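All residue numbers for the sequence shown refer to my numbering, where the first residue is 2 and numbers rise by one.
Hints may contain errors.
[Claimed, not checked] Capping the alpha-carbon separation at 25 Å, the derived lysine to aspartate or glutamate pairs in DMTMM-like fashion look like this: (1) K77 <-> D117; (2) K77 <-> D59; (3) K77 <-> D152.
Honestly, the hints are just simulated from the structure, not real lab data.
Treat the numbers as computed from the prediction; the structure is a model and nothing was measured.
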Amino acid sequence: MATGPIRETPCPLCGADTARLVLIQAGYRIVRCPTCTALYLSPMPTPHELTAHYQNPDYFAGDATQGYADYSAMEKALRPFFQRRLHTLVRYLPQRGMLLDIGCAAGYFLTLARADGWQIAGVELAAAMGQQAAHMLGIPIATHLDELPADIPYDAITLWEVIEHLPDPVVQLRRLYARLRPGGVLMLSTPNTNHWQAHRDPQHWQGYRPPSHVMFFTPTTLEDALRRAGFTTIHIQRTAPLPPIPGWLRPLSAPLEHKLANGQLAPGLPWQVGLWLWRGVRVGGWGWQRVRQPNDDMYATLEALAVKDA
2 MATGPIRETP CPLCGADTAR LVLIQAGYRI VRCPTCTALY LSPMPTPHEL TAHYQNPDYF
62 AGDATQGYAD YSAMEKALRP FFQRRLHTLV RYLPQRGMLL DIGCAAGYFL TLARADGWQI
122 AGVELAAAMG QQAAHMLGIP IATHLDELPA DIPYDAITLW EVIEHLPDPV VQLRRLYARL
182 RPGGVLMLST PNTNHWQAHR DPQHWQGYRP PSHVMFFTPT TLEDALRRAG FTTIHIQRTA
242 PLPPIPGWLR PLSAPLEHKL ANGQLAPGLP WQVGLWLWRG VRVGGWGWQR VRQPNDDMYA
302 TLEALAVKDA
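Make the full structure from the sequences, and use the hints.
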């Protein structure tokens, strides 16, 4: 992180410039806007710094604290999440159509979408991931939205775990709103900063991951960002329950979760046994926390669906 005088960043949602410090994480200042309650980095990394960060080969293969230990090995772990999200989208748009995935990484979601009958397009800033997706899908993958034809309206645009990486989320959401056809749907996911750990154990909250994450959303601020972008029909749900794990279970849970997420268990029976063990640990943690802190928000992820007015 650069040193020198601090250049305060106005709120990326409402533009106010009176933010208050909440947390210093990895040398980065996380602040809260007193006007709209948005949480964000201040100072915000520059576009050049962010581009360099995502072009680092370790982001998708090596640095699990900022990116992924090995994203290319995670297709099996990600598939159930992508399938569920695709089913949600199809409930709103059963006729299929043109789908654009922003931050498509290796193209796993686009693969499922095409198999389901969608025409697909993707954008991926990280060159190596974009090349991998293009090779697997047999289509060009753009590096930036501006590289795609401006006269093609999309029926659906998706951003899975992307918006928290954007230093100007409202600006980018407005650009995507303009790319949707009337009645089109935008779907996204992002960490839920209302999660209990973000409040009581922020140094270990997985959503506070600067400089990879520069925005930190709650259901309220996520809806605010979508409304400022022009959407009026908005549905937000909390998903991915992530309860605390009792100390005596952590030696089992941590390595098991890592192996499941990174494809290190062999297909077939080892995978299924590992998955059921991990689920059992999580259910135990859920019950334990419900007794200790019954009002805690234990859902780690927010998923939003927003419809452009017809």
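Results for each hint:
no.: 1; hint: K77 <-> D117; verdict: 18 Å, holds
no.: 2; hint: K77 <-> D59; verdict: 21 Å, holds
no.: 3; hint: K77 <-> D152; verdict: 35 Å, violated
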